[in-house]
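Visitor: Letter by letter, the chains look like this.
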Amino acid sequence: MSELFVVGISWRTAPVAIREKLAFRDEEVASTLRELTIVNPVAEALLISTCNRVEVYGVAKPGADATGPVRHFLAQQRGLKAGELADVIYDHRGSAAIRHVFRVASALDSLVLGEAQILGQLKAAYGVAGGAGTSGPVLGRFLERAFGVAKRVRTETSIARGAANISSVAVELATRVFGNLSGKSVLVIGAGKMSTLAARHLYTSGAQQIVVTNRSPEKAEALAAEIDGIARPWSELETLLAQTDIVISSTGAREPVLTRALFKKVTKARRWRPMTVIDIAVPRDAEPAIGDFDGVYLFDIDDLEKVVAANLAERARAGEQAGRIVEHEAGQFEQWLRTQGVVPTIRALREHFAEVADTELQKALEQLARREHSPVQQREVVQRLVQLVVNKLLHTPTAALRESTSDEAALRAEVLCELFGLEPEQGREGERESQPTIPAVPALDAAPEMKSPE
Amino acid sequence: MTTYEPAARLLSVAPSPAFWVAVAAYAAASTVLFLVLAGKQKLRGLAISLVGVAFVAHGVDIGWRGTLHVHPAQSVREAIGLLAFIVTGGYLLASTRYRLTIGGVVVMPVALILLVAARLTPAGTAPEDLSTLGRIHISMATIGVGVFAFASALSAIYLMEARALKKKKFDTVAFKDNGAPLEVLDRMSHRLIWVGFPIFTVALVLGAIWVSKLGESLDRPEYPLAAITWCAYAALLVGRQAYGWRGRRAARFTLIGFAAALAVLAIYLVRRMVE
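From first to last, the protein sequence lines stand for chains A and B. In this text, residue positions in the first sequence follow this note's numbering: the first is 1, and each later residue adds one. In this text, residue positions in the second sequence follow this note's numbering: the first is 1, and each later residue adds one.
Since the hints were made in silico from the structure, they are not lab data. It cannot be assumed that every hint is accurate.
[What the hints assert, rightly or not] Computed cross-link-like contacts, EDC-like style, restricted to lysine to aspartate or glutamate with a CA-CA straight-line distance of at most 20 Å:
no. : chain 1 : residue 1 : chain 2 : residue 2
1   : A       : Lys193    : A       : Asp303
2   : A       : Lys265    : A       : Glu236
3   : A       : Lys123    : A       : Glu236
4   : A       : Lys61     : A       : Asp91
5   : B       : Lys42     : A       : Glu3
6   : A       : Lys363    : A       : Glu351
7   : B       : Lys166    : A       : Asp294
8   : A       : Lys306    : B       : Asp171
9   : B       : Lys166    : A       : Asp292
10  : B       : Lys168    : A       : Glu172
11  : A       : Lys61     : A       : Glu3
12  : B       : Lys167    : A       : Asp294
13  : A       : Lys264    : A       : Glu236
14  : B       : Lys168    : A       : Glu314
15  : B       : Lys169    : A       : Asp302
16  : B       : Lys168    : A       : Glu305
17  : A       : Lys151    : A       : Glu115
18  : A       : Lys151    : A       : Asp109
19  : B       : Lys167    : A       : Glu172
20  : B       : Lys166    : A       : Asp302
21  : B       : Lys169    : A       : Asp294
22  : B       : Lys169    : A       : Glu305
23  : A       : Lys268    : A       : Glu238
24  : B       : Lys169    : A       : Asp303
25  : B       : Lys168    : A       : Asp292
[Claimed, not checked] Sample of chain B residues facing chain A (criterion: CB under 8 Å; computed from the structure):
no. : residue
26  : Ala38
27  : Lys168
28  : Phe170
In this text, all values refer to a predicted model and were calculated from it rather than measured experimentally. All residues carry an ideal CB built from backbone N, CA and C; glycine is no exception.
With the rest of the complex left out, here is chain A (with noise of 0.2 Å):
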């Protein structure tokens, strides 16, 4: 039976510094499987590259060990010693396999626990797979189930509630206090790398327009045209103010650019409409007595990650939840996989025994259609189709069975009894075999063509 194996390294085992020797770039990865599957003992193949981890998914050909030639041909991609990836690489086989990438996909094994890109990587990175002609049946149904157990994590835990990010905290902090982001304008103070990531996520959350302010316009009217933002000068500060519901503040400045006395102007101009202010810069550009005025809700950079902590505590939390999941789910992929290893032979015994059924049918039904029969005759012609049947069923496992040495009669007696169900009564070895149960049928003239097999 094949079997499902995982082979790579994590953000859990591998520092950047190895974890980027190791990765590989979008365009190289169907080739790179490709050879993977021709040079190695691997029938199917999907190969998932982030920035947190760099890991193989394959399913070994029938009775081969994969995972040591998949770790010798990653080092041997990257022009690795085998030695540079001993203590960081690590495989799983089966089960273990099965668990770790039902734990990636539902992001239980991701650094920020919870969060939704390794989900869509891991689907970008079956979909390679499938151009590049590695992934077959198994590794398809694996990542299937895969990609729904992440689902299910997903909307019956609180893995993924509550932002985990500063950017997201900022979006969630404002949509506490205006709801609907919808019509909402941001103001851009500064032009930090942080508030321009917080300032597209308010956008992308609804927010109507933003607009940046800088001292400098040049770097203003970059940044605006960056985030498809407005510029305006520094000097309208206080009006801009007066008009933006969320403000996002990251200057150089060493005094505070927000200060008491201008928000006071502002609150009043505004007339105490709500406004949320989260300053992220160091030193903070904020007083933090404009946070006392009716309205305006400020935060800095150590409430954003306040918040982030606590949503974070609550992930782990819910991880406990989804590990259980995993594991039910893992359970039952499991019991699947099993099955799949008879399933050829049973579709096999099934035509068969239909094959053979269907022949001797066939016949006959061709001999009542000869001539007239008589409702005796034709119950011989039924008794005798059911008795060639039987024999010619029987005749290839009971030949096999007399034919065996010794130990294999044991052996393949006790295996048939299982699985017909039988108890041979004891004391009757050596006796000659008993005939079917279904009447003796004299031969009908008629049906000559109708022999037994034996």
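Place chain B on chain A using the hints.
Guide: Coordinates of chain B only, in the frame set by chain A:
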């Protein structure tokens, strides 16, 4: 067979079976909402269903009393039961759109206490049959105060949520519950006061006419308290329209007005019991 004076007999009508169902449902809803707030999010649906059961049973109880000729605004004692009914209905309606767990934890026990007070406190005896004017006054005052009660519940939630945000208490229930946003709470409370204020104003005018017709003295404490309620809401509406008051200041005014209205109800109830 004992004979009663008509009004006295009516006041002593025993609670219906539906009353006990309502009491049980209010108590269960309060408990379950508290559990939801404590983190058992899955129980939210059950909590709202229990509020629904309480609301229906409460309505059936009011209807049942109606068949025995007990008008829901026949006395302040009855009106308090109606008030709880209105507040529960408002909560149920708002819950269809917003997460109001904190509000429910406050509103449901209050509704339970009001209902129990309305049915199980000593009935006393009514001094005389109420005139139509008196009934309209009590009905409208009850509806007005009911609407104010709901606005006040929203304002109370506003203050709690705003405090959690202002003080950056991100691990408090008020923050974690992720309830209705501040702006929505403020707007809903404002709209409710716009609805309740005209009703309460008419009730107050009718009350004044009624009292003057009865020729009663005006130096009772409930009259200035009712005037405080009216003034608080009038000031709030003017402040909002003319000066853009909102947020915490508006929420505090809403609560002050409601506290005065509650004091009026309490005085009526206590006086009835004493008399």
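Visitor: Now, for every hint given, state plainly whether the structure supports it.
Guide: For each hint, the structure was consulted:
1. Lys193/A to Asp303/A: Roughly 18 Å between the alpha carbons, so the hint for Lys193/A and Asp303/A holds.
2. Lys265/A to Glu236/A: Satisfied, since the Cα-Cα distance of roughly 13 Å is no more than 20 Å.
3. Lys123/A to Glu236/A: This hinted pair is violated, its Cα atoms lying about 47 Å apart.
4. Lys61/A to Asp91/A: The given pair, whose Cα atoms are some 16 Å apart, holds under the 20 Å limit.
5. Lys42/B to Glu3/A: 39 Å, violated
6. Lys363/A to Glu351/A: 18 Å, holds
7. Lys166/B to Asp294/A: 10 Å, holds
8. Lys306/A to Asp171/B: 9 Å, holds
9. Lys166/B to Asp292/A: 8 Å, holds
10. Lys168/B to Glu172/A: Judged against 20 Å, a Cα distance of about 13 Å means the pair holds.
11. Lys61/A to Glu3/A: 8 Å, holds
12. Lys167/B to Asp294/A: 13 Å, holds
13. Lys264/A to Glu236/A: 16 Å, holds
14. Lys168/B to Glu314/A: Between Lys168/B and Glu314/A the Cα gap is close to 17 Å, so the pair holds against 20 Å.
15. Lys169/B to Asp302/A: Holds: Lys169/B and Asp302/A sit about 12 Å apart, inside 20 Å.
16. Lys168/B to Glu305/A: It holds: about 11 Å lies between the C-alpha atoms, which stays within 20 Å.
17. Lys151/A to Glu115/A: 12 Å, holds
18. Lys151/A to Asp109/A: 15 Å, holds
19. Lys167/B to Glu172/A: 16 Å, holds
20. Lys166/B to Asp302/A: 14 Å, holds
21. Lys169/B to Asp294/A: Given pair Lys169/B, Asp294/A holds - Cα atoms ~17 Å apart, limit 20 Å.
22. Lys169/B to Glu305/A: 13 Å, holds
23. Lys268/A to Glu238/A: Given that 20 Å is the threshold and the Cα spacing comes to 12 Å, the pair holds.
24. Lys169/B to Asp303/A: It holds: about 9 Å lies between the C-alpha atoms, which stays within 20 Å.
25. Lys168/B to Asp292/A: 12 Å, holds
26. Ala38: Ala38/B check fails; min Cβ-Cβ to chain A is 13 Å, beyond 8 Å.
27. Lys168: 5 Å, holds
28. Phe170: 5 Å, holds
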